[in-house]
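A.B. asks: Keeping their order, the protein sequence lines are chains A and B.
Heads up: the first sequence begins at 1 in my numbering, then just goes up one per residue.
Heads up: the second sequence begins at 1 in my numbering, then just goes up one per residue.
Calculated directly from the structure, the hints in this document are not laboratory data.
Backbone N, C-alpha and C define an ideal beta-carbon position, used for all residues, glycine too.
Don't take every hint at face value.
Stretch by stretch, here's where chain A covers chain B in the computed footprint (C-beta under 8 Å, at least three residues) [what the hints assert, rightly or not]:
#, stretch
1, 79-89
2, 104-117
Cut-off 25 Å, straight-line C-alpha distance, at most; resulting in silico cross-link-like pairs (DSS-like, lysine-lysine) [stated by the list, open to error]:
#, chain 1, residue 1, chain 2, residue 2
3, B, Lys2, A, Lys75
4, B, Lys135, A, Lys72
5, B, Lys138, A, Lys79
6, B, Lys138, A, Lys75
7, B, Lys210, B, Lys2
8, A, Lys79, B, Lys210
9, A, Lys75, B, Lys135
10, A, Lys75, B, Lys210
11, A, Lys79, B, Lys135
12, A, Lys68, B, Lys138
13, B, Lys209, A, Lys75
14, A, Lys72, B, Lys138
15, A, Lys68, B, Lys135
16, B, Lys209, A, Lys68
17, A, Lys79, B, Lys2
If you want the building blocks of each chain, they are given just below.
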Amino acid sequence: MINSIIIIVIAFLNYALELFPLDQQYEQYEGVEKAEGLVGLMSSNDLILIVLGVSLIIWFTLLAFMIKVDRKVTKLEQKHESDLHTS
Amino acid sequence: MKPWKYIVAIWLTLVITAGFLIDVPMIPILLETSRNLFLHVPMWFTMFAVFFAGFVYSIRYLNSFDPDMDIKAETATMVGVVFGICGLLTGSLWARFTWGAWWTFAEPKMNLAAVAMLIYFAYFILRSSFNDPEKRAKMAAVYNIFAASTVPFLLYIIPRQMPSLHPGAEGNPAFSEITAPELRFVFYPAIIGFIGLAWWIMDIIYRYKKLESRMEYK
Numbered sequence: 001m002i003n004s005i006i007i008i009v010i011a012f013l014n015y016a017l018e019l020f021p022l023d024q025q026y027e028q029y030e031g032v033e034k035a036e037g038l039v040g041l042m043s044s045n046d047l048i049l050i051v052l053g054v055s056l057i058i059w060f061t062l063l064a065f066m067i068k069v070d071r072k073v074t075k076l077e078q079k080h081e082s083d084l085h086t087s
Numbered sequence: 001m002k003p004w005k006y007i008v009a010i011w012l013t014l015v016i017t018a019g020f021l022i023d024v025p026m027i028p029i030l031l032e033t034s035r036n037l038f039l040h041v042p043m044w045f046t047m048f049a050v051f052f053a054g055f056v057y058s059i060r061y062l063n064s065f066d067p068d069m070d071i072k073a074e075t076a077t078m079v080g081v082v083f084g085i086c087g088l089l090t091g092s093l094w095a096r097f098t099w100g101a102w103w104t105f106a107e108p109k110m111n112l113a114a115v116a117m118l119i120y121f122a123y124f125i126l127r128s129s130f131n132d133p134e135k136r137a138k139m140a141a142v143y144n145i146f147a148a149s150t151v152p153f154l155l156y157i158i159p160r161q162m163p164s165l166h167p168g169a170e171g172n173p174a175f176s177e178i179t180a181p182e183l184r185f186v187f188y189p190a191i192i193g194f195i196g197l198a199w200w201i202m203d204i205i206y207r208y209k210k211l212e213s214r215m216e217y218k
């Protein structure tokens, strides 16, 4: 479940980034063309959003790991409980 | 998984996002690092909360001799030490770029925090020196009550009596009227969020340890 959600989120971000390809900027050298859309937004505010993105990636990875371990312990508890009843 | 854990996950995500996005006042020397207030300080508040929980569990163990209380006390102490180490490391990094040194022995709060950590490391050394689980639990509970009672002196009372660069020294509060008020809107939720996270980690470790002990003595 969690894995599929992560894959969907990554796929969406990939798609969103490809809508606004960076190489458009380099097609013409006369003047600097501002990037638009998501890339433009991420490039603004002295790049603080990149640090936010990096932090959120780490946070979500740790969170996914914690949820996974939590569920594994729950499964083990249930198994232990049913072992007690059958024996 | 219980619903409160999802609330903690969403809450802390919002706190982190808000911590990066709100406008902080640009104070000389501090600059953008004032955002560290949302990360470094909650580490210590979480450590206090979790150590206090461990203190309560240790007293409850000595009242009831319930082995689960011993597991809870050990778990709380473990998580508290982890948050304390995070507090020391983040503080050291912050100090390097605002005070100019990774570590300074002239700074009472920094050194006494390290002393508190050492007192808690001894808790685990003490635990590992007993083979009999009942003896271990009793000794650990008594030691933990001592360890927890040193924390307010080491991290609150003594640093406030001494001159220091760290906020909350020389009788002043750490959070004063010169601190920008908008920082509080992220700071207090951050404390709640990190305590929630610590509680979640404690829950996982406690359940694991309990299962382990049940399987051993079946």
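A.B. asks: Determine for every hint whether it applies to the structure shown.
C.D. replies: Going through the hints against the structure:
no. : hint                : result
1   : 79-89               : violated (count 0)
2   : 104-117             : violated (count 0)
3   : B:Lys2 to A:Lys75   : holds, 14 Å
4   : B:Lys135 to A:Lys72 : violated, 31 Å
5   : B:Lys138 to A:Lys79 : violated, 31 Å
6   : B:Lys138 to A:Lys75 : violated, 31 Å
7   : B:Lys210 to B:Lys2  : holds, 18 Å
8   : A:Lys79 to B:Lys210 : holds, 14 Å
9   : A:Lys75 to B:Lys135 : violated, 32 Å
10  : A:Lys75 to B:Lys210 : holds, 14 Å
11  : A:Lys79 to B:Lys135 : violated, 31 Å
12  : A:Lys68 to B:Lys138 : violated, 34 Å
13  : B:Lys209 to A:Lys75 : holds, 14 Å
14  : A:Lys72 to B:Lys138 : violated, 31 Å
15  : A:Lys68 to B:Lys135 : violated, 35 Å
16  : B:Lys209 to A:Lys68 : holds, 17 Å
17  : A:Lys79 to B:Lys2   : holds, 18 Å
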